[in-house]
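Novice: Residue numbers (the numbering used here), protein chains in the order written: chain F, 1 to 207; chain X, 1 to 207; chain A, 1 to 207; chain W, 1 to 207; chain P, 1 to 207; chain D, 1 to 207; chain S, 1 to 207; chain G, 1 to 207.
Calculated from the structure, these hints are not laboratory results.
Take these hints with a grain of salt, some might be off.
[As the list claims (entries may be wrong)] A short, non-exhaustive set of chain W residues, derived as facing chain A with CB atoms under 10 Å:
| id | residue |
| --- | --- |
| 1 | Q18 |
| 2 | V20 |
| 3 | I22 |
| 4 | L26 |
| 5 | H56 |
| 6 | V111 |
| 7 | G113 |
| 8 | A119 |
| 9 | A134 |
| 10 | M136 |
| 11 | G138 |
| 12 | G146 |
| 13 | A179 |
[What the hints assert, rightly or not] Listed below are the simulated SDA-like cross-link pairs for lysine to any residue, each with C-alpha atoms no more than 20 Å apart in a straight line:
| id | chain 1 | residue 1 | chain 2 | residue 2 |
| --- | --- | --- | --- | --- |
| 14 | D | K14 | G | N166 |
| 15 | F | K14 | S | C50 |
| 16 | F | K14 | F | D41 |
| 17 | G | K14 | G | D67 |
| 18 | S | K14 | P | R105 |
| 19 | W | K14 | D | C50 |
| 20 | S | K14 | P | K14 |
| 21 | A | K14 | F | R60 |
| 22 | X | K14 | W | I49 |
| 23 | A | K14 | F | R29 |
| 24 | D | K14 | G | D108 |
| 25 | W | K14 | D | E120 |
| 26 | G | K14 | G | Q3 |
| 27 | S | K14 | P | S158 |
| 28 | W | K14 | D | R105 |
| 29 | W | K14 | D | V148 |
| 30 | W | K14 | W | D41 |
| 31 | F | K14 | S | E120 |
| 32 | S | K14 | P | H56 |
| 33 | P | K14 | A | E24 |
| 34 | A | K14 | A | E24 |
| 35 | W | K14 | W | I49 |
| 36 | G | K14 | G | R25 |
| 37 | W | K14 | D | W107 |
None of the values given here were measured: they were computed from a predicted structure.
Don't be surprised by glycine CBs; every beta carbon is placed ideally from N, CA and C.
The primary structure of each chain is shown beneath.
There are 8 protein chains.
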Amino acid sequence: ARQGFPEVVLGLGKTRRQIVEIVERLVRRAPNVLVTRTDADTFGEVRNICTEAEWHEAARMIRIWRDRTDRGRGTIAVVTAGTSDIPVAEEAALTAEAMGNRVERIWDVGVAGIHRVLAERERLRGARAIIVAAGMEGALPSVVGGLVRVPVIAVPTSVGYGASFNGLAALLGMLNSCASNVTVVNIDNGFGAGFVASLINRRHDEE
Amino acid sequence: ARQGFPEVVLGLGKTRRQIVEIVERLVRRAPNVLVTRTDADTFGEVRNICTEAEWHEAARMIRIWRDRTDRGRGTIAVVTAGTSDIPVAEEAALTAEAMGNRVERIWDVGVAGIHRVLAERERLRGARAIIVAAGMEGALPSVVGGLVRVPVIAVPTSVGYGASFNGLAALLGMLNSCASNVTVVNIDNGFGAGFVASLINRRHDEE
Amino acid sequence: ARQGFPEVVLGLGKTRRQIVEIVERLVRRAPNVLVTRTDADTFGEVRNICTEAEWHEAARMIRIWRDRTDRGRGTIAVVTAGTSDIPVAEEAALTAEAMGNRVERIWDVGVAGIHRVLAERERLRGARAIIVAAGMEGALPSVVGGLVRVPVIAVPTSVGYGASFNGLAALLGMLNSCASNVTVVNIDNGFGAGFVASLINRRHDEE
Amino acid sequence: ARQGFPEVVLGLGKTRRQIVEIVERLVRRAPNVLVTRTDADTFGEVRNICTEAEWHEAARMIRIWRDRTDRGRGTIAVVTAGTSDIPVAEEAALTAEAMGNRVERIWDVGVAGIHRVLAERERLRGARAIIVAAGMEGALPSVVGGLVRVPVIAVPTSVGYGASFNGLAALLGMLNSCASNVTVVNIDNGFGAGFVASLINRRHDEE
Amino acid sequence: ARQGFPEVVLGLGKTRRQIVEIVERLVRRAPNVLVTRTDADTFGEVRNICTEAEWHEAARMIRIWRDRTDRGRGTIAVVTAGTSDIPVAEEAALTAEAMGNRVERIWDVGVAGIHRVLAERERLRGARAIIVAAGMEGALPSVVGGLVRVPVIAVPTSVGYGASFNGLAALLGMLNSCASNVTVVNIDNGFGAGFVASLINRRHDEE
Amino acid sequence: ARQGFPEVVLGLGKTRRQIVEIVERLVRRAPNVLVTRTDADTFGEVRNICTEAEWHEAARMIRIWRDRTDRGRGTIAVVTAGTSDIPVAEEAALTAEAMGNRVERIWDVGVAGIHRVLAERERLRGARAIIVAAGMEGALPSVVGGLVRVPVIAVPTSVGYGASFNGLAALLGMLNSCASNVTVVNIDNGFGAGFVASLINRRHDEE
Amino acid sequence: ARQGFPEVVLGLGKTRRQIVEIVERLVRRAPNVLVTRTDADTFGEVRNICTEAEWHEAARMIRIWRDRTDRGRGTIAVVTAGTSDIPVAEEAALTAEAMGNRVERIWDVGVAGIHRVLAERERLRGARAIIVAAGMEGALPSVVGGLVRVPVIAVPTSVGYGASFNGLAALLGMLNSCASNVTVVNIDNGFGAGFVASLINRRHDEE
Amino acid sequence: ARQGFPEVVLGLGKTRRQIVEIVERLVRRAPNVLVTRTDADTFGEVRNICTEAEWHEAARMIRIWRDRTDRGRGTIAVVTAGTSDIPVAEEAALTAEAMGNRVERIWDVGVAGIHRVLAERERLRGARAIIVAAGMEGALPSVVGGLVRVPVIAVPTSVGYGASFNGLAALLGMLNSCASNVTVVNIDNGFGAGFVASLINRRHDEE
Ligand SMILES: Nc1ncnc2c1ncn2[C@@H]1O[C@H](COP(=O)(O)O)[C@@H](O)[C@H]1O
Ligand SMILES: Nc1ncnc2c1ncn2[C@@H]1O[C@H](COP(=O)(O)O)[C@@H](O)[C@H]1O
Ligand SMILES: Nc1ncnc2c1ncn2[C@@H]1O[C@H](COP(=O)(O)O)[C@@H](O)[C@H]1O
Ligand SMILES: Nc1ncnc2c1ncn2[C@@H]1O[C@H](COP(=O)(O)O)[C@@H](O)[C@H]1O
Ligand SMILES: [Mg+2]
Ligand SMILES: [Mg+2]
Ligand SMILES: [Mg+2]
Ligand SMILES: [Mg+2]
Ligand SMILES: [Mg+2]
Ligand SMILES: [Mg+2]
Ligand SMILES: [Mg+2]
Ligand SMILES: [Mg+2]
């Protein structure tokens, strides 16, 4: 593992045994290890190998976070439109922390109550990269993007029903954002958003 | 034609001759007649029949507006996200006027510059029904919906490129709006939005 | 909570504990509270907090309805095409009642037996706003829309199989309605339909 | 050509020369020949070969109709929702006539004015097979299907805009029809509808 | 119930109690009753009401078939491409029988072994209407259509995986059939296919 | 250019000048050069550079075919369902010839007249690789696949209208083929099909 | 069963009893039999009939492999992008072995670590046909295709989440491959890929 | 215009007159102005207003670039898969330059010839942000992403045909990239990619 980059295991589609074996190998050479899209039982076995492992229920992530060096130029803000977007946002936040960033969590500031996001303007303007997780119509990244001059990484979530089509509506909305500073990652890909935000925020001497 | 309802001809898919013949019949019995999705040459012929006909280039609409009775309880606000949404919004506004409403036109207040829509809060709160036309990510109806307590009729427009898929992204965004007072009409259907807003704003004695 | 507006909690994607905590807070300041897309067990806990809570099995809604002031100009008709559309229609009807409206329920008048909807013409014409829930081909709003001069709010339902694509066929049908007074909400969004119909029917002095 | 079956040439994707050569060969052995999806110039050349050829502008069809034997058990009704659906309906009607059927044309009885289709109930009930061409929401076949006890062949048309998606909305609506006697052909496939209706109406001794 | 038409209950989306109550009412006035998309437990309760009820496991249909009058001009052939299409085909066959038709079942003659369908040419040519159920690429109706001169009703089935998209591939294939005598019903709609085939085969004096 | 492989230029999206410059460079080092998706005017300029260039109107291909060594183990059959599929099939055939194969062209044997393809059984069984181009429902590859024991490369064409969705229906049909020896290339990609068939047919000593 | 072709049963959509009966019949006349998409319990019953049956858990395949004659010209390489693609790749590899081929398994060489696939260049260049299974963006076949001069059969897998849409993203990517030697089979269709690769690799005297 | 941010006009959907008027206003207050998606005639009029305006034919962009201060921490690499992706890539490069960045253009290194992109490894590793424009299968960003440790902004282009669906295949591929440092913008949105890359590369003192 290169300095300041965690090892990451995508739990999805791997058996418990496979995950545990991979982690066992990785913890020897890397200070920080993440397992995404996994479950509490797998965590139970991982803790036997590495007692420093943490379990994050909402994000369904195992995190081994031993090297806590600060490597960021500024903070990373992680923002959600609603409560149900928090699991995805947490995946992003936990990833960014493990990569050496200070993270500001700003929950539940969806666009139908515009004063909520406006009230956070200061914290938003203090960040060097912003992650916005939103489902349903996915409008929040455009509003946030218009308030700041730093890159906004939009994460569509599969939150919603009917014509949300499991995140497709939010994804399309974000791709068509009229704010020029918005880029997009896959539906529910909090990890990817946290990773890219960390690269953006990385200090010169860390690159 | 019932009191206060214009006769309406959908020009799309009709020949010039067909349109002129229909209008000729309608102008005899109805004070107000609209022809939507038509062209300037058809207007040329319609004016020969009825000198009061107006041509609205942006909306591509012919309007014969003879009965100008005010039938509304309040005003109708017609709002656009961008300049390119104006043709659709004009179709809505011209329809609403022809049905006896006072119309407030509020152009170019898209969500990436949130101060613009906030600056119009007063005019928006003065309306009894609001029409919002937006393309691309279609986020504006949610923001407007959160600012008022009246019905918001969202009109997705086909403005955009790439993953806007000719208005599909805006349509899906609006259907998933997290504001509870938003309903949606077909892509580019300014006429329908103007019609329903007029029904909502209609005075009791006009019903 | 503004006069005559219930507080509403979308149960979907929230834990039981989260819902109960939110309701506990809301019942103190608002007379009327709705929880949508929830379950009987959550209701069990909510009733411990507020004994006036009602459980509506078909709609899967918890309703606390203490302020029963009539705020409507007329009635709201809620119509279904088939029996399986009733859960969505009930969500709409229960919402409209909680917002101070008298509601006419007209079940099972789908278009393949056109005499059924024609037989209800009088009740339909008595309403000031009409909600139509239909799945499969979603044709009923066009027929109802043609019979009346008030706004029709169409709710596509996910009822059907095969090429209904979980409500997509009905949704597209309704968006393309040839009746000019039809607007559309998200698939299965009975709540949204009930909410907008209430705004339309609201008496002047209530606005 | 088997007794009572026309030879048919699909003009789409063929050069003028190819069409003329094929027709030249067919007119020798078959009394009736149809060329669909063609143009007036091709007709000009075909008439040089066969002076009995007719040009049908709306349907864009060339028809050579020499054997006019009546082969039907009853009539075939061809119905449209709107004026713009007539070209497709004409293709169906001209085909059915060329296959030995008496055809009733019933234009412009779309569902938003339900009295129009009800006024045609007698003619509809007199038919042994019914073709219904409709675009936009494609609701008319369900209504017609509910009024009769014979097969209804639904033809979605590409008439419409926005979320009609060139006939997709109408197609899905028709496939999900709640009337049990409805089957569907491809978008704008008037020919196929006329062909199948003719097979259904065919007299015993003609089979 | 009109002479020779069964009463039909669509089980999907109805509770057991609702189905039993409806059947109880219908068996009094109609000799033949069908319940589609239901289960063995519901059948258990229906048999208590009506001892003549039959349970058809593959089709998941309850059938009460008391009036067995033959009303057909000829036979109806019901054909499948593969073994997995049989449940849908059985729904069609059982319906057609209950409507007074003799049915020929021709299973498992998919196009990749073309000799199998050719071997059935005689039985196919003896039928007056043919139903073809096929999943995956849905090619069989075109081949069958080319072998006969009677209407072919194609039923796409949801059999398949991957790019079959639950029957969509088969549905599109059938709608684009190059055989002119093919019409299509909804994915897995065996009932509808059996119903329309029965109308086509119906003797003159039965109409 | 490796022995027996032509240089290939995809004309699509290149200017005339760009194409001519590339060809000028390629003709020096490669005996055989293909330019696909181009036009007659570009050919005019290419012929100035290389007098051996041929223009193939149907396929819209420029071919410089100087090395005509036979490199195949057997023949390659190229088959079409209809006349309109010939341009795509020709692109495949011309490519296969330029790569050293003998090609059998079998046109117009679509599945609705099954005897036509059966009549070609011998030629089909003589081939070592078969290319099948078909639009609309795309059923022909399954039938051909069932008749032979060699690889069948299916090319969906954009021929059709309505629910063919520019080749999507054919593409899905082919991907779901119930014949195990079918693989698929992009819609209208005759070149790719000819290329792969050539690799399959290539003699040992040519590999 | 023709020389060197296994009998194959697609387990999907068949009951355990149906599968066992079919296998019972096939083992009498064919040395090699495959059952795909089945489960361990079915294997339990099949082993009672035929003790040589093997169970392959990852691929969920039963294989009876008695004739192990080598029939190939060279080897077949089976490649995966990630660990989760192995089940599909194993289905391909087991099929190819049962058809008389030597198989090289090359796991986990996805494109984001390009050195991994480059490190396998020699083994890849030694193969006469290559199968590549990849999910998510499905980019690996293009890279592999560019490294070799033999046919590459791309198998999209349903591995992924969000905008992978169950393999659709990978499928589209592969169909649009800019490498000319790539053809595609259905999502997760390892069997088909193994079958076609075997036909390509088949020795002359085996054809 | 804030320090170092150009004023930008999206030409799409605006009339020539509208564009010229906007530019006239902007050139007074901003040193750098971009007009995207416009044409040469509009440029002709803009040059009358501002003689420093440049016309970029490939990108169809007007650029007024007066403030050429270098504001970047490092270089921005702009990469294309093929020649036809250059127009989109140029839009990105021109934007990045106008925002104060040094740009490395790396054209035509698509994945089917992997050595081409590997040969550019050094230039890629020297960049602080990388933009990759690719059509068809859109695989290049994953490969580039795997070679570097900086953010990669993927721009799907509408280059391709058939199942590329105007850039959809590339878009989906990029969203599903297995490289963690990839984010995505709208199809053909070179401007957005250039803008975000500039924000990432911006020197501390410029923020
Ligand atoms: N939740 C996630 N979503 C997308 N990519 C992920 C996720 N978690 C891990 N990854 C990526 O997947 C790689 C590990 O995949 P694997 O080798 O299959 O465990 C990591 O290096 C990341 O690039
Ligand atoms: N632009 C439009 N979009 C949707 N519906 C329209 C439009 N213009 C007119 N209509 C509706 O179409 C009806 C007239 O259709 P027609 O009889 O075909 O002219 C009017 O009564 C309106 O209900
Ligand atoms: N499996 C089925 N698929 C489609 N329509 C059906 C099916 N079974 C019954 N129907 C139709 O649904 C009607 C009964 O619907 P319901 O009143 O909801 O029971 C019947 O008269 C049929 O027209
Ligand atoms: N019609 C076609 N469809 C798909 N790929 C093609 C076509 N013609 C050429 N190609 C491929 O595109 C490559 C040339 O692309 P280019 O360098 O852009 O001219 C050739 O080597 C072929 O692999
Ligand atoms: Mg949201
Ligand atoms: Mg917008
Ligand atoms: Mg319905
Ligand atoms: Mg219609
Ligand atoms: Mg099939
Ligand atoms: Mg075909
Ligand atoms: Mg992959
Ligand atoms: Mg590419």
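Novice: Looking back at the hints listed earlier, which ones does the structure fail to meet?
Specialist: Failing hints, ascending: 1, 2, 3, 4, 5, 8, 15, 17, 19, 20, 22, 23, 25, 26, 29, 31 and 33.
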